[in-house]
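Q: Chains as they are written, first to last, in my numbering: chain A, 1 to 142; chain B, 1 to 625.
Read the hints as simulated data drawn from the structure, not as lab findings.
Hints may contain errors.
One side only, chain A facing chain B, incomplete, derived with CB under 7 Å [claimed, not checked]:
hint, residue
1, Asn34
2, Val35
3, Leu36
4, Tyr37
5, Phe38
6, Ser42
7, Ser45
8, Thr47
9, Lys63
10, Val67
11, Ile86
12, Val93
13, Ala95
14, Gly100
Partner residues aside, some chain A positions facing chain B, computed with beta carbon under 8 Å [said to hold, decoys possible]:
hint, residue
15, Asn3
16, Lys7
17, Phe13
18, Leu27
19, Leu31
20, Lys46
21, Asp48
22, Asn54
23, Thr69
24, Asp70
25, Asp71
26, Glu73
27, Ile74
28, Gly91
Idealized CB from N, CA, C, for every residue including glycine.
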Amino acid sequence: MLNIKTKNRLLIFLSIFALTIILTIFLFKTLRNNVLYFYSPSEVSKTDEKAFKNNIRLGGMVKPGSVETDDNEIKFIVTDYKKEIIVTYRGTVPALFEEGKGVVAEGKLKDKNFFLAKRILAKHDENYMPPEIQESLKQNAK
Amino acid sequence: MLSNFGITVSIISLLLTTSILYLSYYDLKSSGNNVSKKIYKFAFFQIVFTFLGFITLIVAYVISDFSLINVYENSHTTKPLFYKISGTWGNHEGSLLLWINILVLFSFLFLILNKNKNKNFKLYTLIFQNLLISAFLIFLLTNSNPFSLLYPIPTEGMGLNPILQDPALAIHPPLLYIGFVGSSIYFSIALAALISKVDSKSLALTIKPWVSVSWTFQTLGILVGSIWAYYELGWGGFWFWDPVENSSLMPWFLMTALLHSVLVLERRIGLYSWVIILSILTFTMSVVGTFLVRSGILNSVHTFANDPSRGLFILSFLALMVFSSIFIFFKYAPDDNKNYKIFSKESFILANNWFMIFFLAVVLIGTLYPVFLDTLTGQKISVGPPYYNFILAPFLLPLLFLMTLGPKHKWISSDMIGIFNIALFISVILFIIIFLSIKDSSILMLLILLFSTYLITQTIFDFYEKFKNKNINLSRIISHFGFGMLIFSISLNQIYSVEKSFNARIGDEKNFQNYTIKFNNLETFSKNNFKSVKGYFEIIDNKNTTSQNLTPEIRVYNQPEIITYEASINTRFFSDTYLTMSNISNSDIFNIKFQKKPFMNFIWFSVLLISIGGILQFLRFEKKI
């Protein structure tokens, strides 16, 4: 038979184990609900519209000549040279935002051609291209 | 010339390091109670030569020697002297050299400051520390050499990104590196203690000052980085839960856990193995942080020029380090004896450790999950701040509560202390006042406010008691008070922040909530290395009819050619007013973002208080010896 010491240890071990499992499940559940999926314009056109209830990140190049500013908002087109999406945004853009360069916008899709951005992401390095964009551009070039 | 000199000096450092390893190994077997004099001499030359290497690189930056690729890529002749010097560690190669310098410095300090310790314990520590040094020197020389030559020699350098030309960012890496790399010495000490079977008390006393020092610097480093992000990145936040920020926070959790559990070990009540594990984990997490930042596998708003081969080296080094420490741990770990009751200081400190480990797990999972998902399924995701806030916030409640009660308990065993006291009474009254002045907020936020108020009032009471009873630990009071203030200010900051984005032309006036913003004028002027467009804004608070003037700027730097948007921040005691402006289509319409950020001063000040606690802990320890 198990003596008391071993029994106690077993009990402590099991309760810690159970607690860890509960916390992990809780953790991953929260994680699932709070991730932002990354899409390129081509991926957006292929994906089911139900997926667009949540915030996503949209990445691609800012189409040259597409940037417009009016009294209310900024409007520009994000392209991956296959598909295009019109993005509207209100606020300041990061310093490295430029026509013909890479951009990542965070926000919601209104429909497959129209994106409401809440945030435009900043990158420190002027030569830097987000790896996701690089990859999706590479795939499109094939 | 500087290149040859730098490389020679680094190779000499490597040779000296291997000699120290060799000498220490042979000295283990010799009789005698003291570490051989020869080792001291070699250690002295090791630090001189390593430091010389660093000085060489600084000189190369100061005189703009573009025959070095590293200088060419990161510097420019017209750059102010201060940023020429700080540019030395503003890049991967230079920062690696700084990393090695700190490793050697800690190794040297350990050797000369622990004259009376057990000989073999010291020698083993030296061996482990020098193994780390040689690994990083090899990495420097083979993969990331800051002294690499460039031919033909360019006449002008590429310049440093102006956003990095900032006093806060100049001191941020050295501070953080003393924290990160400082943990190497207790990694080495922990492994050495296992092998040479050192008892709890001397292990605790040996690592304690190093833990306080690295913890303090880590805290300050995080603070400075956060302040920089606040005014330079222009989004008005102070913490973004960005992977690179997380990499500095994760070792901090472990250091905090270690800082507390060492107190238990010092009184010989147990936790010997746990302290060893924490020491190993802390340095491991520091190397993981470096790996994450430098290998480029993370998608971060902070971007560093990346190179996969660096990641591979750090990863293999990491694997080797972890496996050998696990091996040493299982081979030598002694049995722990626990003999304390549930209501004792030890239990509360252990609870602190559980929380720190939990926080670490949360942040680690949030940081690595995107990497794993990408590798396994190719799906690109990022984990947003809501994940961290949602999970961490509720756990702040018990943490704050235990932080309030824990320190009042005695060591080994103590009665359950009543939680109903004057401090609680006062904090409830304070809380009711706060509650009545806040219109709408979540229950969780209110509870956090209540519990942080309780911690603050309780520590103030403790501070008062300190005058009657000299035995109370002042460093603990200040750090815990700072933490209470931090949570309190962050909560109020969250509740009261105001944000408004809009587009405007010169002469426009915008009204919203209680504010009127007038775009009065625009001016262009040029300076030494940039041209600037400055906007003149007047912000009128209609509630108390005060007005303030803000002048955000758009700067176009010429070397390298980069646009930056300079936020204009007006700091008042209780609240910051924050304005940024951008223009993207060369039209006369500007994008404006207005923010009201309350209690920012309080947030910075509380983190400073937390780190002051660390300094006091270190000084207190020095006095005792």
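Q: Under 8 Å is the threshold here; is the Cβ of Asn54/A close enough to any Cβ of chain B for the hint to stand?
A: violated (10 Å)
Q: Verify the interface restraint on Ser45/A: the C-beta must sit less than 7 Å from at least one C-beta of chain B.
A: violated (17 Å)
Q: Given Ala95/A was flagged as interface, is its beta-carbon under 7 Å from a beta-carbon of chain B?
A: holds (5 Å)
Q: Minimum Cβ distance from Glu73/A to chain B below 8 Å?
A: holds (7 Å)
Q: Return the status of the interface hint for Phe38/A: holds when the least beta-carbon distance to chain B is below 7 Å, violated otherwise.
A: holds (4 Å)
Q: If you take the shortest Cβ to Cβ gap from Lys7/A to chain B, is it below 8 Å?
A: violated (16 Å)
Q: Does the closest beta carbon of chain B sit nearer than 8 Å to the beta carbon of Asp71/A?
A: Constraint on Asp71/A satisfied, holds at 6 Å.
Q: Is the hint on Leu27/A kept, meaning its closest Cβ partner in chain B is under 8 Å away?
A: At 6 Å from the nearest chain B Cβ, Leu27/A passes the 8 Å test, so the hint holds.
Q: Hint check: is the beta carbon of Gly91/A less than 8 Å from a beta carbon of chain B?
A: holds (4 Å)
Q: Holds or violated: Asn3/A as interface residue toward chain B, Cβ cutoff 8 Å?
A: The hint is violated - Asn3/A has no Cβ within 8 Å of chain B, the shortest such distance being about 17 Å.
Q: Would the hint on Gly100/A stand, with a C-beta cut-off of 7 Å toward chain B?
A: Interface hint status for Gly100/A: violated (12 Å vs cutoff 7 Å).
Q: Should the interface hint for Asn34/A be scored as holding, given a Cβ-Cβ cut-off of 7 Å against chain B?
A: holds (4 Å)
The structure shown violates the earlier hints numbered 6, 7, 8, 9, 11, 14, 15, 16, 17, 20, 21, 22.
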